[in-house]
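Start from the sequences, fold in the hints, and give me the full structure.
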Amino acid sequence: MIALERTDLAPRIAKAALGALAIAAALELLAVFAYRQDSRVRLDFGYSEDVGFSVSDGTVHLRPVASRGLWPQDYPVAKPPQTKRVVVIGDSVARAGSYRESFAGQLAERLAACGARAEVWNLASPGYGSRRKDVVVAKALQFAPDLVIYHANVTTEYEDAREWERRERHASWHPSQWPEKLPLLGRISMSMTEKVYWRWLDPAVRAGFDREGTDLDEALRSKSDVEHWRPIMLENFAGTRARLRAAKVPLIVITRADLIDDGPEMTDHGLEEAIGALAKNEGFRWIATRQVARQGDPRAFFADGSHWNPIGHERMAQALLPIVQKTLSLRCR
Amino acid sequence: MSFATWVYPFFLLAAAALFWALPARWRTPFIVAASFVFYSWWDVRFVAMLIAAAVLDYTCSNWIAGRRPARLETALLALTPLVWLLLANLAKPVPIAALTSAAAGAPIYWAACELGGRLREATRRRYFLVLAIAGSLALLGFFKYAGWFAENLEAALEAIGVVADWPALNILLPIGISFHIFQSISYVVDVYQGRVSAERSFLRILNMLCFFPQLVAGPIERAAHMLPQLHFGRRFDWRDVAWGCHLILVGYFLKVYVADSCGVVADYYFNSIGENPFAADWTLTGLFAFAFQIYGDFAGYSLIARGSALFFGVRLFRNFQLPYLALTPSDFWRRWHISLSSWFRDYVYLPLGGNRGTRGVVARNLMVTMMLAGIWHGASWRFALWGALHGGALIAWRAGLPGTGTLERARLPMKVLFWALTAAVVLAGWAVFRAASLEDVHAMLAALSHWHSAGVPPVWGSVKWILLHVLPWIALLAIVRRDGEEADIARLPWWALAPLYWLLATLVLSAGTQRPEFIYFQF
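In order, the protein sequence lines correspond to chains H and S. The numbering used here puts the first sequence at residues 58 to 390. The numbering used here puts the second sequence at residues 817 to 1339.
Among the clues, some could well be false.
[As the list claims (entries may be wrong)] So the derived label-pair ranges between C-beta atoms look like this: (1) H:361 <-> S:1090: 32 to 38 Å; (2) S:826 <-> H:251: 25 to 31 Å; (3) S:1236 <-> H:251: 35 to 41 Å; (4) S:1311 <-> H:252: 39 to 45 Å; (5) S:837 <-> H:252: 44 to 50 Å.
[Claimed, not checked] In silico DSSO-like cross-links for lysine-lysine, where the CA-CA straight-line distance does not exceed 30 Å: (6) S:1280 <-> H:238; (7) H:383 <-> H:136; (8) H:141 <-> H:72; (9) H:252 <-> S:1280.
Simulated from the structure, these hints should not be mistaken for laboratory data. Note that the coordinates shown come from a computational prediction; the quantities given were computed from them, not determined experimentally. Glycine residues also receive a C-beta, built at the ideal position from the N, C-alpha and C atoms.
In structure tokens form, the structure reads like this:
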């Protein structure tokens, strides 16, 4: 057996270690300037109000930043006279493939076409559940909207829970989090988790391993368990409604639906009954995706089992138009 | 405490700083205390077992060397495990059976020593050798094999129509027990055979057994190599620390980036063989994933252990030397877990007769040694089968296939052919080693009859994941010579090593925060 240790290589190792430290310092410094957004914002995982919103020269700029994937949009901070401001809150379904393609964009076009002065902000972000949508609503209220269109969903709740866990963990000063707080290393680590680990490995494969320390296994198993997530969603949504009531901003809710095994049957995850009852009690308007999608073959409405294609967004915009007009007392000129 | 926790680097740095700040005479008790803290991180109660093994080694080796420890000293030492258990009870409840055993064991051991002391010298030496080995094996047998033995006995009795319905033994397995018990046995045997003189300091014996960098998974050290270093007479040498840091970085890379990542796929596959209709694609993926998981895990651990020991000026044995480049099964065992394979060579194979005798005798010696090495890994027939498979391969190779020396001189295609053959033996062995049961092994064999798995997650993502985590390591090995070791990547010039260090550290630090335990801790 050999116990030979190459301590003669120590001077080389020491030089190389110093070199590695210099490389790390230089790259981290470069990352501070190269990245548009402070890495702390990224580590808020969508729970920071301000992410994606910036104000300059009297204009609010909406940009995709960190874990808030807003479509680029620019609006005046102060509402132009006689103009109504509508904001759309939701997840990837409401966000769509582009602003123009989304029902928000289509609604803006339709309102403009009939001569109504209105802005429709698309504030939907992929993966957002009720908890992060509430953060976006709170931010949106700073810009005095006249109407909030809220796309209600249950299936992204687990992502909210997971991202909240990640945020809490990253916020701690435990030594395990020190590297993650560095601008470059933190991003590499997150990319390895989000772009490689989550995408390459099937949920069933990684279910037994907890890369990030969150109870990913539980979260994944609960993903399809709408009974688990619906009460959580409704509780968070109650907070959002209270916020809107306090600000006296009317609300329109769209309940989500998904195709069952690629259709033509759809499921609403039990939302229509719950939202319908709330709407009746509180007097807000709501519209069911199932109802709109059923106006033809539901499969022609969806791009996949959950997201809508441009036709789906168009039909939703069409269905929303009279409700929005009525709510905002807008008349076509 | 595991090397894979965030506490460990801080613990190591603090322990090393204090160690070098202390006067030389305080260093041995300090390291013993630090090792107790390290081991107590898992379970404070099991330190009593380390103390008991050290008491056995100390008293028996001194008797063997012809030095009679004082009666009072033997009595006090025999009581130390009990004292520890009573103190540990304040932190964690100690079962009454353990307290009773320690209380009864002390006078019995003292009486056994007294009895041995009255024997004539030649008989006495043998008596204390047997006492030390039997005591160590009793500890190992009770904690590791009692449950398995009871199960097998129950099954055997049932086969002849006797119903033995005794309660299941739920004995907690102390981490790394097989490693320190083997180290303990080799010390007493070496004293008996005159290869090393009996150590007069009980603390130093204790230190040899529980030196924390190698406490839980080796390398299994020899007293002749270890004891002189534990006088801690060396001065601080920054070159030891620099090389130690290099070993630790490479070790963490192997553990965190290679092993744990491959482990995600391997664990999924092996934990769900019974539930999923896997075909050859998934079976081979799972098998390769495990091959790199266990290699990265254990080779990584061994490098971290060596690097950590250097922080205290102690040099441990190399435990790995690029095992997957082996050209023959015997070459594999000269490269894989070297401290264990050489232990079995020196204390089992050679005493059995080694290579002397007829082919049949040598084959028997090989098979017995390898099966015992298999069972050393765990109380299961799977491990015995794993040992038998390697034993069979070693025997087959001796029967006529070219040896490592011949192959080293052979042409490349010949080398590749025998490398592939050896790799196939090793992979087949890992299938038996990792499978949860022999039924799973059977299911794996059946799965090889068709290629595409249906009704299970697609395999391609997992293949990409494994390649991402294994290819950088394979690329690095291009720097290392075949007769070198994993840490030899330090052969690069400093300007090439600097970005490599940055890359390794980045990959380690960005590989997630949750670390599974080292596989070999369970042994």
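Each hint, compared with the structure:
Between residue 361 of chain H and residue 1090 of chain S the beta carbons are some 33 Å apart, a value that agrees with the proposed interval 32 to 38 Å. A hinted range of 25 to 31 Å holds for the C-beta pair residue 826 of chain S and residue 251 of chain H, which are about 29 Å apart. Checked against the given bound of 35 to 41 Å, the beta carbons of residue 1236 of chain S and residue 251 of chain H, roughly 38 Å apart, stay inside it. Roughly 31 Å separates the CB atoms of residue 1311 of chain S and residue 252 of chain H, a value that falls outside the hinted 39 to 45 Å.
The supplied range of 44 to 50 Å is met by residue 837 of chain S and residue 252 of chain H, whose beta-carbon atoms lie about 46 Å from each other. At roughly 28 Å between alpha-carbon atoms, residue 1280 of chain S and residue 238 of chain H fall within 30 Å of each other, so this suggested pair holds. Note on residue 383 of chain H and residue 136 of chain H: the hinted pairing holds, with a Cα-Cα distance of about 20 Å set against a maximum of 30 Å. Of the supplied pair hints, the one linking residue 141 of chain H and residue 72 of chain H is violated, its CA atoms being roughly 65 Å apart against a limit of 30 Å.
With a C-alpha separation of about 13 Å, the suggested pairing of residue 252 of chain H with residue 1280 of chain S holds against the 30 Å cut-off.
Comparing the model with each earlier hint shows violations of hints 4 and 8; every other hint is respected.
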